[in-house]
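There are 2 protein chains.
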Amino acid sequence: MKQVQALLFDVFGTVVDWRSSVEAELKELGAKHGIEADWPRFAQEWRTSYMNETRRIANGGEGPTNVDIMHREILDGLLASPEWSFIGPRWSEEERTEINLVWHRLKGWSDSTPGLRELKKKHIIASLSNGNIRLLVDMAKYADLPWDAVFSGELFQTYKPNPKAYLSAVHYLGVQPEEVAMVAAHIFDLRAAASLGLRTVYIPRPQEEADPNPENIKSKANGGEVDLVVSSLTELADILNR
Amino acid sequence: MKQVQALLFDVFGTVVDWRSSVEAELKELGAKHGIEADWPRFAQEWRTSYMNETRRIANGGEGPTNVDIMHREILDGLLASPEWSFIGPRWSEEERTEINLVWHRLKGWSDSTPGLRELKKKHIIASLSNGNIRLLVDMAKYADLPWDAVFSGELFQTYKPNPKAYLSAVHYLGVQPEEVAMVAAHIFDLRAAASLGLRTVYIPRPQEEADPNPENIKSKANGGEVDLVVSSLTELADILNR
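In order, the protein sequences belong to chains Y and B.
The numbering used here applies: residue 148 is where the first sequence begins, and numbers increase by one.
The numbering used here applies: residue 148 is where the second sequence begins, and numbers increase by one.
Just to be clear, a hint being listed does not mean it is correct.
For lysine to any residue, the following SDA-like pairs were computed, each having C-alpha atoms within a straight-line distance of at most 20 Å [to be verified]: (1) Y:Lys267 - B:Gly207; (2) B:Lys288 - Y:Asp291; (3) Y:Lys268 - B:Pro293; (4) B:Lys288 - Y:Asn388; (5) Y:Lys268 - B:Thr260; (6) B:Lys269 - Y:Pro293; (7) B:Lys269 - Y:Lys267; (8) B:Lys311 - Y:Thr212; (9) B:Lys288 - Y:Val151; (10) B:Lys288 - Y:Gln152; (11) B:Lys311 - B:Gly207.
What the hints contain is simulated information worked out from the structure, not anything from laboratory work.
Bound-form chain Y, shown alone (with noise of 0.2 Å):
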């Protein structure tokens, strides 16, 4: 990790907590209506479709490369699914456009902006998020979140996993890929980062890990496939600061 001048940073789950904020925002929404519902799941609902839709387009497929329009359809979406539909009525086009931006106001993790303050005193910070652009920017105000740089999978016209996401935020760096850790609480993020010569650093964080045995994503020093494991940003801050 020595030779690292750069840390790109996934956003969603790694350096905030969607999930408590769109929860709570959801319930607040409803029970404004009187709405009583799992809204926990609801919350999941939306980003689980989230990931499968920007995978998907990963991968080729056709669809929004912006996230606000993408959260969207999937809202209006679930809201008009039988499941969901005793919601959907009830939610007119201005909560609608309101909730759907509860993603630019997402709370960092308690260590996050400590940390990445540490962080930027010796390297330079950017998130590379397949968020776009003003989610991005909104977040960071949000959140204090001090980036040098904004990446996002919008301005490169994919998402990650793609390739051409993590190799354009290495090109507009002027780095070499090894120049360059991905630190994400996601191995799916991670290996598509290895697999470009980007050095890797994994920080679990609660209920983010698809993985069924999460606890087994190691260190290449304890027998792993990633370079770093951390449990915050203010401890990857001690080690690369040292």
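Starting from the structure of chain Y, add chain B where the hints point.
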């Protein structure tokens, strides 16, 4: 200006003082070899050729869309020219590589960082420069420029004043042109932005305006063509944050 959500900043000359930094490093490298030369004129020729080259490519000409490469090509051309050939043979490849990066190490004007910090509280602030992304990221760290986003002609495969540069930045910000203001010390930049519907802020800086009568550049309220004329970014913050 009340509907303006985002400010796009020209950088070289507008936010940072390229002239003093470039002159000082040229002089220092000259002194190392015992060379006396008209470094202010050398710096101006380097800058003028850059302006001409970016303009030519913005108009559809062929050439590098990475300014590090362009700066180096111009530097090598100058050092090979009869006028500066007494310097050329004495500067090594390593020294040329290093002096070429002086454009990453430019100081902000004294009002730039405090002004940007204030403006950032109520607006999205982003660069919109012809400099390449890595250059702008290095410069932001060096000069403490707290951008929310770094936009560069490099991302859009063109240079200002090509309309694509302005319209791409507006697109990624997810706003209408009239919700964005371009801030620059160069009227050509503001004229291009205004023709696309952006708002315009002119900020005179020493020796930056190519127009022979910069005092004739006035706000619309004073019979001129730009939306605002300010003497500093802190003044701009005072006006917009009111």
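Do the hints match the structure? See the list:
1. Simply put, Lys267 of chain Y and Gly207 of chain B have alpha-carbon atoms about 38 Å apart, too far for the 20 Å limit, and the pair is violated.
2. With a CA separation close to 17 Å, the supplied pair Lys288 of chain B and Asp291 of chain Y stays within the 20 Å bound.
3. At most 20 Å may separate the alpha-carbon atoms for a hinted pair to count; Lys268 of chain Y and Pro293 of chain B meet this at roughly 14 Å.
4. A C-alpha spacing of about 17 Å is found between Lys288 of chain B and Asn388 of chain Y, which places the hinted pair at or below 20 Å, so the restraint holds.
5. As the CA atoms of Lys268 of chain Y and Thr260 of chain B are separated by approximately 17 Å, the hinted pair is consistent with the 20 Å bound.
6. Of the pairs offered as hints, the one joining Lys269 of chain B and Pro293 of chain Y holds, with about 16 Å between alpha carbons and a cut-off of 20 Å not exceeded.
7. Pair hint Lys269 of chain B plus Lys267 of chain Y does not hold up; C-alpha atoms about 24 Å apart against a cutoff of 20 Å.
8. For the given pair, Lys311 of chain B sits about 19 Å from Thr212 of chain Y by alpha-carbon distance, which is consistent with the 20 Å threshold.
9. Straight-line distance between C-alpha atoms of Lys288 of chain B and Val151 of chain Y comes to about 17 Å, which keeps the hinted pair within the 20 Å bound.
10. Between the alpha carbons of Lys288 of chain B and Gln152 of chain Y the distance comes to roughly 13 Å, so the proposed pair stays at or under 20 Å and holds.
11. Distance hint between Lys311 of chain B and Gly207 of chain B is fulfilled; the C-alpha atoms sit about 12 Å from each other, no more than 20 Å.
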